[in-house]
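Novice: Position chain Y relative to chain G; hints supplied.
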Amino acid sequence: MPGSSHKSLEAGPEQLLYAKFLEKGMLVGLLILLITYAIYLTGIIKPYIAVSEIPKYWSMPVAEYLHKANVSPGWNWVSLLGYGDFLNFIGIALLAGITIICFLVIIPTLWRNDDKVYAFLSLLEAVILSVAASGILGSGGH
Amino acid sequence: MTKTGKMSLIGLALLLSVHIIGGQGFCDTSGVSAEVSGSVAWWVWPLVLLVVTFIMGIAAVLGGVGGGVLFVPIISGFFPFHLDFVRGAGLLVALAGALAAGPGLLKMNLASLRLAIPVALIASSFAIVGAMVGLALPTQVVQIALGVTILGICVLMLTSKKSAVPDVPKADPISSVLRIYGVYQEASTGEIIDWKIHRTWQGLVLFVVIGVMAGMFGLGAGWANVPVLNLLMGAPLKISVATSKFLLSITDTSAAWIYLNQGCVIPMMVVPSLIGIMAGSFVGVRLLKVAKPGMVRWIVIGMLGFAGLKALSKGLGF
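Chains as they are written, first to last, in this note's numbering: chain G, 1482 to 1623; chain Y, 10 to 327.
Calculated directly from the structure, the hints in this document are not laboratory data.
Among the hints, erroneous ones may be present.
A short, non-exhaustive set of chain Y residues, derived as facing chain G with CB atoms under 7 Å [what the hints assert, rightly or not]: (1) F87; (2) K116; (3) Q194; (4) N270.
Below, in silico cross-link-like pairs of lysine to aspartate or glutamate (DMTMM-like), each with a Cα-Cα straight-line distance of 20 Å or less [said to hold, decoys possible]: (5) Y:K205 x Y:D181; (6) Y:K171 x Y:E195; (7) Y:K205 x Y:D176; (8) Y:K116 x G:E1491; (9) Y:K116 x Y:D203; (10) Y:K247 x G:E1491; (11) Y:K179 x Y:D203; (12) G:K1501 x G:E1491; (13) Y:K205 x G:E1491.
In this text, all values refer to a predicted model and were calculated from it rather than measured experimentally.
Beta carbons are placed, not taken as given, at the ideal position from N, Cα and C, and that holds for glycine.
One chain only, chain G, in its complex shape:
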């Protein structure tokens, strides 16, 4: 029988590979998030929006916040990484992006094990998540 779909108490190689990347990505993402948030709170790097001003924005609908705070949606946060608040987006993006990497890394293993259906499904999932991440489905609030 092809692939790792035979019945075993042990997880298949693609599942273990997925778990390995997921664990590493999660730990790195969480660590980065903790560090950047500490930098943000201590004010070592100046934030784009002063922390004392944030309560003015968090009760607004997102479109109003983006307009009044002059923040561009989508991937424009990358251009604001020099600010303490937007620095936190590195860890957030890593946590939200690690699953895409996990699906991509298991495709060769699935393919090698003649599990072509799951290799295709994994590729499809990576494409769907990448489309969501790309921002092409619209950005900018309502």
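Specialist: Relative to chain G, chain Y alone:
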């Protein structure tokens, strides 16, 4: 103690101290009054959020629910944050919990990647649709729908049955072609459980609805995943719970990106929530040995019911 648990607890301690010291530091250096909304200093809400999500994390574990399902109705009902940001943070909270649990569950072979992938394709695609629809609808409409959904979850928690190992006489054609089956050892008895699933297409159709709701409300969807995987598709309860938890890491990733790209993520809200709920979940797992889960479950249902009514009343403008 796991690496994630240690990191969460260290993070909690760090954030508590930095919030207090940093809060004062900002006020001192900026020269700006800390009082912005009423008489509440800016750092009070994130600090309260950290404490509340920590308690929520404990309650979620003991009550057997995901953090997201408690987070969105409670935080949107009782905190000054707009629902758009609460849903964005709620998805990231549910995602972080799933990412933390996922690797261990996959390694133990309790979460099944073969079961999760076809289901995740449907759920994550429709979570994108749900997120886009949820962000396009007027806030009041989403708030009313959220209230109704939360009250529905309470009913589901009160009435749904669970089956440790459902009887699946024959695997259906789809699950046979996809070879969705496996074995696991029941730790309490040492018994080897051979499992397979049926009613796959019916399950996949229901995951369309689950995906839309997860994306629309930012709830996570463990409350719906488990009954469908267990009672409808016939996966054993342990496999269903573990696969559902792992599944959230995929479903919530797609919806989280939509909220992130729409600008619905404010780090000052998200990070304390993530740390609080992860640290709380870790403590909750420890307390599980001594707590009475039955009683906690009733408290969680009560909390959800109250939060559901609050969301409903907020949406209806009462």
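Novice: Holds or violated: K171 (chain Y) with E195 (chain Y), Cα cutoff 20 Å?
Specialist: holds (16 Å)
Novice: For K247 (chain Y) and E1491 (chain G), compute the direct alpha-carbon distance and say whether it is at most 20 Å.
Specialist: holds (16 Å)
Novice: Check the hint pairing K205 (chain Y) with E1491 (chain G) against an upper bound of 20 Å on the C-alpha distance.
Specialist: holds (16 Å)
Novice: Holds or violated: Q194 (chain Y) as interface residue toward chain G, Cβ cutoff 7 Å?
Specialist: holds (6 Å)
Novice: Measure nothing beyond the straight line between the CA atoms of K205 (chain Y) and D176 (chain Y); if it is 20 Å or shorter, mark the hint as holding.
Specialist: holds (9 Å)
Novice: May I ask you to test the interface hint for N270 (chain Y) with respect to chain G, counting a Cβ-Cβ separation under 7 Å as satisfied?
Specialist: holds (4 Å)
Novice: Has the given pair, K179 (chain Y) with D203 (chain Y), been kept, meaning a C-alpha gap of at most 20 Å?
Specialist: Judged against 20 Å, a Cα distance of about 12 Å means the pair holds.
Novice: Given the hint that K1501 (chain G) pairs with E1491 (chain G), does the C-alpha gap stay at or below 20 Å?
Specialist: holds (15 Å)
Novice: Does the alpha-carbon distance linking K205 (chain Y) and D181 (chain Y) stay inside the 20 Å limit?
Specialist: Between K205 (chain Y) and D181 (chain Y) the Cα gap is close to 9 Å, so the pair holds against 20 Å.
Novice: Taking the closest Cβ pair, is K116 (chain Y) under 7 Å from chain G?
Specialist: holds (5 Å)
Novice: K116 (chain Y) and D203 (chain Y): Cα distance at most 20 Å?
Specialist: holds (18 Å)
Novice: Against chain G, is F87 (chain Y) within 7 Å by beta-carbon distance?
Specialist: With a closest approach of 13 Å, the F87 (chain Y) hint is violated.
Violated hint: 1 only; the structure is consistent with all others.
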